[in-house]
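Undergrad: Read off the chains here:
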Amino acid sequence: MVALLRYAAVILVIGVLWKIASVALGNMILPDPLDAMGAFLSAMGTAGFWKHFAASAWRVVAAMALAWGIAFPLGLLMGSVRRLDAMLAPFVFLTYPIPKIVLLPVFLLILGLGDSSKIAMISLILGYQILVTTRDGVRAIHPKYFDSVRSLGGSRWNLVTEVLVPAALPHGFTSLRLGTGVAVAVLFFVESFATTSGLGYIIMDAWGAMDYIRMFTGILGMSLLGAVLYEAANLLEKRLCRWMFLRKKS
Amino acid sequence: MLRAEALEKRFGAEAVLNNVSFSLGEEETIAVVGPSGCGKTTLLYMLCGLSAPSAGQVLLDGKPVNGPRSDISIILQDYGLLPWKTVLDNVALGLKVQGVGRRKRLQRAEAVLDELGIAAKAGDYPGTLSGGQQQRVAIARAFVTRPRLMLLDEPFSSLDAMTREKMQGIMLNVWSRRRVPSVLVTHSLEEAVTLGRKILVLGGSPATPVACFDNPGFGDPDLKTTDAGFAMLRDIRKTLEERW
Chain A
5 MVALLRYAAV ILVIGVLWKI ASVALGNMIL PDPLDAMGAF LSAMGTAGFW KHFAASAWRV
65 VAAMALAWGI AFPLGLLMGS VRRLDAMLAP FVFLTYPIPK IVLLPVFLLI LGLGDSSKIA
125 MISLILGYQI LVTTRDGVRA IHPKYFDSVR SLGGSRWNLV TEVLVPAALP HGFTSLRLGT
185 GVAVAVLFFV ESFATTSGLG YIIMDAWGAM DYIRMFTGIL GMSLLGAVLY EAANLLEKRL
245 CRWMFLRKKS
Chain B
0 MLRAEALEKR FGAEAVLNNV SFSLGEEETI AVVGPSGCGK TTLLYMLCGL SAPSAGQVLL
60 DGKPVNGPRS DISIILQDYG LLPWKTVLDN VALGLKVQGV GRRKRLQRAE AVLDELGIAA
120 KAGDYPGTLS GGQQQRVAIA RAFVTRPRLM LLDEPFSSLD AMTREKMQGI MLNVWSRRRV
180 PSVLVTHSLE EAVTLGRKIL VLGGSPATPV ACFDNPGFGD PDLKTTDAGF AMLRDIRKTL
240 EERW
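Which chain is which? The protein sequence lines are A and B, in order.
Each residue of the first sequence is one higher than the one before, starting from 5 at the first, in this note's numbering.
Each residue of the second sequence is one higher than the one before, starting from 0 at the first, in this note's numbering.
Derived from the structure by calculation, the hints contain no laboratory data.
Here the structure is a predicted model, which is why all the values come from computation and not from measurement.
Ideal Cβ placement from N, Cα and C applies to all residues, glycine included.
One should not assume that every hint holds.
Said to hold, decoys possible - Not the full set, but computed from the structure, chain A residues with beta-carbon under 10 angstroms of chain B: (1) S155; (2) L156; (3) G158; (4) A171.
Said to hold, decoys possible - To be clear about the criterion: a stretch of chain B counts as covered by chain A if any three or more of its residues have a C-beta under 8 angstroms from a C-beta of chain A, and this derived list gives those stretches: (5) 77-87; (6) 119-129.
As the list claims (entries may be wrong) - Lysine to aspartate or glutamate pairs mimicking EDC-like chemistry, simulated, CA-CA at most 16 angstroms apart: (7) B:K223 to B:D213; (8) A:K148 to B:D213; (9) A:K148 to B:D219; (10) B:K165 to B:D219.
Construct all of the structure, not just a fragment, from the sequences and the given hints.
TA: Structural data, given as structure tokens:
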């Protein structure tokens, strides 16, 4: 409820600023927020909008799942196995600053124009963030937790299941939650050409046709998708890392 | 039942402990005291197999301790509770590691929590508990596996004076029922006199045993206020000051 009120307040503030800008720039370039919102709400009642929304959602959710499924375990390994880290860390940190979005044409050539190349591109960019955050998080786990389980006669497997994974989960989820913004931004870019589906396509197609009301339907749709993904990741984190959000009672 | 034989520990070129020998019989407790940083925790880690001695050996019931084992419980300095597990799951962890089935291990954990008067907190997470409550959970976790040997690393050091005395009372109460041979490391001489049947004093650098006091009056929370307790405290303090 509080989250909904917070969102409502933010939408109201943005709406007011948007209205001011719209009046200042003229309705042609920046449509009136009420007109844009009305068009967006009516589009939400059409199957066409949801077809594009579903195409975008599939790409970004699949990419996030793929990125997490590969980067989180790899981060666990790099953070806990020194030899592996010594081998992989130079590669990861040398390639980390490279803007990987420039590899999109390469991905399109290798994986084709379909969803695979788009999913792979988003996964690669998001995966780096999850990998680095998880790896650093694992390295920061206090040795006392490992000692605690070892002192009970715990095996290596016990150390993984009782300490390594649960201690690293918050880092993995935080990077996933913060990565939703990046994922949606990359989604827009990869959907802006060589496709006829997705919210990014709507935005660029409407922009080319100078149909700015429809362009804002795509923009608002993408904002909705980003907010839903953020809240989903947030909810997942709060469910699976409940202990992180509790405070001392006394 | 426990013998430490000529234990040495070096970290690189630096020797921390040298020629530490002592023994512990059935139903006995020994308190190890010494200045901060003298290697008391290192000694405990060697006794439970978490750290290998550079020389010497630890024997439990005549057999060498070569690594951590489930029949030796240790209460770590800041309790060692896993913040992502509930109190009940923390207490049951030792049994889980031993392969005890879920229902049975939770039943045993609940019983020990009940014995320590903290069953109401079973579903809570350690981060929501006070220091004294966390300490009780740590004690429950150490006792639930019915260990052959109990090791305590400055267990009450982070508690305020009143809570510390209360926890010492709880510890004595549990110990008097279970009689598990125990080694307690502490920098509090009063705590050593209250809980230790023997009191081993470490001193020098590298630290070596400089005295071992027999303390037949241990187990009485008021011992430190009696003449015998006061004399014991004075003798230990004097020994420590001489080897500072």
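Undergrad: Of the hints stated earlier, which fail here?
TA: 8, 9
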